[in-house]
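Peer 1: Sequence:
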Amino acid sequence: MRTINLSYPLPPETVAQWARPQVAALGQFDGLHRGHASVIASAVTSARREGVPAAVITFHPHPKDVMGKGDYDGYLTPPRDKQELLAAMGVDLLYIIEFNEQLSRVSPQDFVTGMLLPLQITTAVVGFDYRFGYKGEGDADMLRELGSGHMKVETTPPYLLTGEKVSSSGIRKSLQSGDLERANAWFGRCYHLRGTVGHGEKRGRTIGFPTANLQLEDRYVIPAKGVYAVKVHHEAAVLYGVMNVGVKPTFHEGVTAPSFEVHLFDFAADIYGQELMVELVSFIRPERKFTSIDALIAQIADDAETAKQLLEYHS
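Be aware that the sequence shown starts at 1161, since it is given in my numbering, and climbs by one per residue.
Treat the hints with care, since some could be wrong.
[What the hints assert, rightly or not] Lysine-lysine pairs mimicking DSBU-like chemistry, simulated, CA-CA at most 30 Å apart:
(1) K1325 with K1385
(2) K1391 with K1295
(3) K1391 with K1468
(4) K1391 with K1408
(5) K1312 with K1224
(6) K1312 with K1325
(7) K1325 with K1391
(8) K1385 with K1468
(9) K1468 with K1312
(10) K1224 with K1385
(11) K1333 with K1391
(12) K1333 with K1408
(13) K1295 with K1333
(14) K1408 with K1385
(15) K1449 with K1333
(16) K1295 with K1385
(17) K1468 with K1449
(18) K1312 with K1333
(19) K1333 with K1224
If you're looking for bench data, these hints aren't it; they were derived computationally from the structure.
Could you build the full structure based on these sequences and the hints that come with them?
Peer 2: And the structure:
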């Protein structure tokens, strides 16, 4: 898959390089959940049928972040994660359009005539609730009208699980409330965090549970504070463990920024400065303050055993 960074308006040299008949899925696609996957799968299927590349057109940064909506709290799939997932879905071209205040004021008509048609998008595939252009004035019907004679438009229906529409906002709420089972079901995979192992307080090794302090590489949506059973990817190895997300209230007061401490089972190598990708498999319990270090140690041991049972079940 090729990733192409675009800006509006498209420079002539960009058009000359990338204009070609192609099918494109349009959307923000933060999360790449089951609903997004259905849109992208439809685009890939159409592209294969037409014998042209399958593309995805998305934005970065997130429009809510640029426009200061206030309820924006990070990415479910930062750009690197999004690229890896889309490549696995069979996408040939990923166009990432720089979203800024200038683009936020572009009308639906100008977006189509200045961005989509110059790239020779033959078929645009969008979700049933797709909106675009200034103040979200454009929808699928307007897109179809603006592309008439040049670009077909296909829409996909809402993706339902147990009668509920799968959505990024619903996943965010589930992650932040500790309902990881629901979030992962809507994703169609385990939510993950990626980062580099840094130096923490090194307290874990003194109580028999050494931990890797994960320093996130991007602005992820932070899940609920608590303890998780996790599957960890380190280089070519797959490891298992337990992770605490939180402020460690047994040792600290007044701390608001959470840390991410991963205890890996049966693992003792030095991995400072190395990258980990941590899949959150199951939520074990909320974070809480303990009355003594001994009580904390006993609970960590119990959490580790619970995590091993959950990970064995999920495997």
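Peer 1: State the violated hints by number, sorted upward, taking the hints as numbered earlier in the document.
Peer 2: Violated: hints 2, 9, 16, 18.
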